[in-house]
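Each chain, letter by letter, is given below.
There are 2 protein chains.
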Amino acid sequence: MKYVYFFGDGHAEGNAKMKEVLGGKGAGLAEMTNIGVPVPPGFTISTEVCTYFYAHGKTYPPELKDAVAENLARVEQSVGRKFGDKEKPLLVSVRSGARASMPGMMDTILNLGLNDETVQGLARHDERFAFDSYRRFIQMYSDVVLEIDREHFEHELFALRDRVGADSDAKIPAESLRELVGTYKNIVREKGGREFPQDVHEQLWGAIGAVFNSWNNQRAITYRKLNQIPDDWGTAVNVQSMVFGNMGDDCATGVAFTRNPSTGERKFFGEYLANAQGEDVVAGIRTPLPISKSQVVGGEKSLEETMPDVYAQLEDVYKKLESHYRDMQDIEFTIQAHKLYLLQTRTGKRTGFAAVKIACDMVDEGLISHTEAVARVEAGQIVQLLAPMFDVKEKSKAVQGGRLLGRGLPAGPGAATGRIAFSAERAVSMAKDDPVILVRVETSPEDIAGMHSAAGILTTRGGLTSHAAVVARGMGRPCVVGAGNLRVDYSKGELRSEGHEPLEEGDWLSIDGTSGEIIGGKLATKPSEVIQVLIDNTMQESESEVFRNFDRLLKWADEIRSLGVRTNADTPNDARVARLFGAAGIGLCRTEHMFFAEERILRVREMILARDEKGRRHALEQLLPFQQADFEGIFRELAGLPVTIRLLDPPLHEFLPQSEQQISAVARDMGWGFVELRAKVNQLHESNPMLGHRGCRLAVTYPEIYEMQVRAIYQAACVVKKEGIDARPEVMIPLVGTVRELTILTEMVRRVGSETLKANGVELPVIVGTMIEIPRAALVADKLGEVAEFFSFGTNDLTQMTFGYSRDDAGTFLPEYVDKKILPKDPFESIDQEGVGQLVKLGTERGRGANANLKVGVCGEHGGDPDSIRFFRTCGLNYVSCSPYRVPVARLAAAQAELEFKHYEG
Amino acid sequence: MKYVYFFGDGHAEGNAKMKEVLGGKGAGLAEMTNIGVPVPPGFTISTEVCTYFYAHGKTYPPELKDAVAENLARVEQSVGRKFGDKEKPLLVSVRSGARASMPGMMDTILNLGLNDETVQGLARHDERFAFDSYRRFIQMYSDVVLEIDREHFEHELFALRDRVGADSDAKIPAESLRELVGTYKNIVREKGGREFPQDVHEQLWGAIGAVFNSWNNQRAITYRKLNQIPDDWGTAVNVQSMVFGNMGDDCATGVAFTRNPSTGERKFFGEYLANAQGEDVVAGIRTPLPISKSQVVGGEKSLEETMPDVYAQLEDVYKKLESHYRDMQDIEFTIQAHKLYLLQTRTGKRTGFAAVKIACDMVDEGLISHTEAVARVEAGQIVQLLAPMFDVKEKSKAVQGGRLLGRGLPAGPGAATGRIAFSAERAVSMAKDDPVILVRVETSPEDIAGMHSAAGILTTRGGLTSHAAVVARGMGRPCVVGAGNLRVDYSKGELRSEGHEPLEEGDWLSIDGTSGEIIGGKLATKPSEVIQVLIDNTMQESESEVFRNFDRLLKWADEIRSLGVRTNADTPNDARVARLFGAAGIGLCRTEHMFFAEERILRVREMILARDEKGRRHALEQLLPFQQADFEGIFRELAGLPVTIRLLDPPLHEFLPQSEQQISAVARDMGWGFVELRAKVNQLHESNPMLGHRGCRLAVTYPEIYEMQVRAIYQAACVVKKEGIDARPEVMIPLVGTVRELTILTEMVRRVGSETLKANGVELPVIVGTMIEIPRAALVADKLGEVAEFFSFGTNDLTQMTFGYSRDDAGTFLPEYVDKKILPKDPFESIDQEGVGQLVKLGTERGRGANANLKVGVCGEHGGDPDSIRFFRTCGLNYVSCSPYRVPVARLAAAQAELEFKHYEG
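If you're matching them up, the sequences are chains F and L in order. In terms of my numbering, the first sequence opens at residue 1 and continues consecutively. In terms of my numbering, the second sequence opens at residue 1 and continues consecutively.
Since the hints were made in silico from the structure, they are not lab data. Certain hints may be false.
Note that identical chains are pooled: a pair holds if it fits in a single copy or bridges any two copies.
Okay, derived cross-link-like pairs now, BS3-like style, lysine-lysine, Cα gap no bigger than 27 angstroms in a straight line [stated by the list, open to error]:
#1 Lys-783 x Lys-841
#2 Lys-432 x Lys-680
#3 Lys-758 x Lys-680
#4 Lys-821 x Lys-320
#5 Lys-614 x Lys-821
Keep in mind it's a predicted model, so treat the numbers as computed, not measured.
When you get a sec, could you build the whole thing from the sequences and use the hints?
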């Protein structure tokens, strides 16, 4: 078993493809060495040692010691210095390096190999530099390996600076630094209860152990959780000969991106510090300077100006790296005595804007193919291109001016500014005059109209999967949730934040759903360029490069993907937007949202409260024209595309008032007695409404409700058909658990449908299918497949029932479940492939077994989640359906899923 | 395809094994013919014609007509009469006969073949008989085939009786009957709009069609639903030459059981009516007389006395039939001119008491084996042997106190006390509040729902084979029939008995279905003999044959079964009872019931309301001694047997007060502010508590709760162990959905357990397992099987989540689902094999795949349901667990399941 891999002198034992074994950093160092980029020699201890380390009670494989010694000798030979040598000591850095980048999450030690003797060897050339390095090393090593608080060291450093009157570390004289080393060693003795280790090998093994241990420190664990990096990957350790950016003014250190990571602009972009070590840049102690002249905004001197020759070398290197890796690189470099060394290269993180632009530019530059461009952009990032934005300067001025009221979870990206409304009703009415921010403790389904009217939504409770968050993302509304430091007081009509004047209804408020910031007062916003071109028609395509790249990328994606993308839309406007975003139809049109509108809810309540079927039918007749008009509008927007309409789903009591006050108001409106109405409300109350009398169960009891809806659908189709519009309704029965439910209701749809068509003298093919959202439905999918013409997995409910988690209640334990790794992710965000996924797979197979032509889709929230989309592709689904603003994400993710699937399939 | 099967002259084309094709009656007639029992010749039209009839828009197979004609000719030849002949007309009966007995549910027509001409042929011998038969035929045919209300005919009959001064039909003179026939034909003309059919073939085919149609009349559908008879079995039609019990005083008709169907006593037991047709006995219009001398209680004359020669023939026949069928038979016979004819034989319905006694007696008689005895007793019926009886002393005091209102025939054993309801509808509605005694003159198939709701049934007319008697015995309801000294007055709503105050609807009444006594007012009931011997020790085994047979039968069952039977018990007393009933341990001990006791709930609430973990731990410490004491008690009762203890399952808010009033009271008790407590209650409120923060989810959040419970279990085990008692706790984690939950909590159990054992210096093997009650748990059972030492399917919750039915709410639609055949049965009563059953099967297979030694059981309600037990046996489960009183049922059902499984497996 090979545990250690050497790199140096233009050859390396590893290469870029060995990330699993060498980690990202080690693989990058090896690859750079191999392609002739100047890299200080060193070696990488593989991730397999980390695995061994944790599997064997934190011990090493027996053969490791020799392998390290042997490779250390090669490094000594390469640089002509010896580890621990008094005259020409070799100093090394010891750094972690996992398969995936985890910046700053694990520990690093520089200048290792210094002790009271070797420092003298260094001091012979430059005393100040030697003791500066030594004191840095003691502090870093003590912090990382000996676990002594760095505070103690820094306290002494600052005291020294005061004493000698130095306004920066660089101005502390050598003599004082030598003293400081003594002081530091005393701190180690006092706080650590031991002498600072003088044996350089002890130093090295201490550092290696610390790096392996750092894989499981709290920061690293949290980072991995947030970024979905498996715990068992482990880290490699890179031991590399030191080069010094802090040996004088002809030295420097810096980080750079080969293109702008924020905008994607094709310009070398980075920062450096002269006479400094790498950690100084990252730590932000000194403000770094721009690398390129083009970056300069004030009077700073760029590296291009101060060291034009080294800058030219750097340009050569970055071009070499970019064309070698064919992607934007994030590099670290050090200049020692005018000589350039590269210490790291990796694929650079970037914003959605940058990702799209870089991918498109590289296609234009001939560097990558369309397919590669599609694979390059993280699908979820593309929503950034759709969100409204604040003016950057105005926002930072507001924050600096003390207007930042607090911070919550960034639940829906984009910027919004508007007047505060504390209720959905107020939001609707206020929105007629000004943009509104709906501010609630939390939201519920009754607030939908208000949320729709609002420019943005703020809640003080709830997480990223709360009602507010989910609905807001679906609507494309900027949203901040769980802003715990803010208090909503409905009774006083105030929003309070400590240290600020309370805000009242009607006051201006701004929220940034991308950052989570909440800012008092008005801030100008503007729609994204994509929206301006595509939806609002306020900008020309030719004016917006952002739009053009967005559009190109998605078209390339469309050429690759086999999975269809539809949308969940309940209104003509949503349908229009989704179509512009590229939706190939509606996968879920919920009909109950139509029931909540002001002029309709009264009819709905009359229907529910009717004393007999006749009364219900009468009320339903009043509702029919409304539903029909809704469907007509949608069919017009989606001419030629399928529109899957789900018949009524929620339990009836959701349409009734709940509080005594509301009951009283409704009773008055409807001419009912309060007591009588309250009794009816109580009678309809359910212990577990999620598992109650809803969906097709309602239709079994009250067939007239679905009959009205079916009639409305067919009549609407007939009306638009006569206008020459190609309406393609698909009728979907929700909450089916047994084949008889589906048979009975499918027959009803067919019967009412043909009556209606006949009465209108129209012919129209309509297909009828079922939701698969109850575990039993997936289990009996072979039977259902004999009746249904399509399946649509309702993965929200399927997840609720398969796990036995009520989404409304799971907030009390689900976050802890993710924290404690009982679940890898929130199963409402990304489908639980292990459990719920089995039912999706099995339901699809069994359904297709009964009917090979069965169309199968997904219409839960998961339809817009890239990981879930990848899974659905492996299940062989025909399409996913998601909210309009997720359609571009789904198109891109579907293409990426296709690429992975084909790769996996061989 | 053969559609018609002849029987007669000592040979039949069918036999007893052809029930599927010939129906029960047809198969019986064929078999009796073959073994030499005197049966009037006839033929059976097979059930396949019924299937064809419904599949082809109520038409017949083309070849049927000829086949019927041909068989009719054979009958004519056999009896020497011709169908439709003026001189010697052949008359036939047309009767339904399904595979399973459905008494009185479908239609029958007698005397078919009479018309204005053929009646003359008959009248030549006996004019009165001829016209009596003709008027009966017209009425019956008009009712069944022409659908003319029988009311019209009866009205004329009663008017005629008054006119001629006859106090019974038998006393109406021939001339008047001839007139009556004319009147009847007028009724047909007026009410039916047609002439009464004179063509005998038209009569025959009309009757055949009516029988097939009657398969789907409402009564038949209801009966099949209650008795779980598939709708697609269909009925056969039996056409048989008539014999007449009403041709004079040397004629009679009767029904009999080869043993007493109520007690099982080995005595020929039956009733007859001289000079009557069969329908007269069943309809209960005249009170029939006993067959055997031994049955005589008053001064009636038995058949044994009036026709000793025929009685002797009948004894020969019944003995032949019983030894041929090796089971108790229910026979119908007719005596025509001193000659005996058998019209039907079938396995006799019997009470649970009779079933057990007959099975045991037949074993003793060498007729059947132990295995056959076990297979003979319907498992659910055995609970009758556990049903309460009246306290003898209290009853005799009531009788002596003048409360005995009368006496009827003991038609269904057991004691019942309840409020009087005079209609089935009232019985259904009143039964929601109190036990009900349904009191009717006689019952009819429309009363079935009311009979089901009633605790007991009383009729003033009819015999032991009347509708009321047969149905009540099938349902296990105490029943008294033919209480002739009581008068029901529906119009006044009174039950009168001379010398007593009339009773009204709602008054209390008591009936003894074993003795036939009817007693006014409420009477305390006392335990059955089995309970007295086994549980209460108030009776010696030697005193109770009932107990001895019960015990023998269950021991034979135990020898056969492989499936273990445990019990669900939460208290030492339940544990004791269950053990006495034969439970081999506890399969489910719920710990939360212990939390509700008065002195504990306060501690529980303190625990829930505690502001931090410390507060919770403090309250839990107070609870620990209670829990420990409970467990000690259970371990003592179940020494040497496994006790599966489920850790806390319900959500915490179940322990808190809900109404404002309760909250106020609790707040006062606990020294909390009302507002504060209400806020806490609201905070814990869940939208769908079934899917909320409960079970192991609570333990993930608040590990201290389970830690206390585990400590209490282990400490209790240590305490009793020191007393020398072999405690065998098994710890069960509820609501597991992911393997991590199980891993974390199993580790906790192990840790706390070994701490406790160590502290007590005790060694004890404890196994830890999980409920499988969440669909996901079944899906990931391969993973769970790696950790768990046992699985227990919680089929109640598994049914709720797999169907998405909240048991608390499903009442709004589930009855309708069963009515409309969307579901074959209530899935909470009998496991849904098609859906939920897949998860049980798959979970078991996957769990065993990971751990071949995994013990797997079921602890939902289904553990006591015979059909479900049969299914669990096929899944290969190790045991079922049910409530203590269902343990005998489960033992018997498990043995029967084993027999079926082995048979099925070949």
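The hints, checked one at a time:
1. Taking the shortest Cα distances, Lys-783 and Lys-841 sit within 27 angstroms of each other both inside one copy (16 angstroms) and across copies (19 angstroms).
2. Taking CA atoms no more than 27 angstroms apart as the test, Lys-432 paired with Lys-680 passes between copies only; the shortest distance there is 20 angstroms, against 35 angstroms inside one copy.
3. When the C-alpha separation of Lys-758 and Lys-680 is checked against a cutoff of 27 angstroms, the pair qualifies neither within a copy, at 39 angstroms, nor between copies, at 59 angstroms.
4. Neither within a single protomer nor between protomers do Lys-821 and Lys-320 lie at most 27 angstroms apart by alpha-carbon distance, with minima of 42 angstroms and 74 angstroms respectively.
5. Within a single copy, Lys-614 and Lys-821 get their C-alpha atoms only as close as 55 angstroms, which misses the 27 angstroms cut-off; across copies the closest is 25 angstroms, which meets it.
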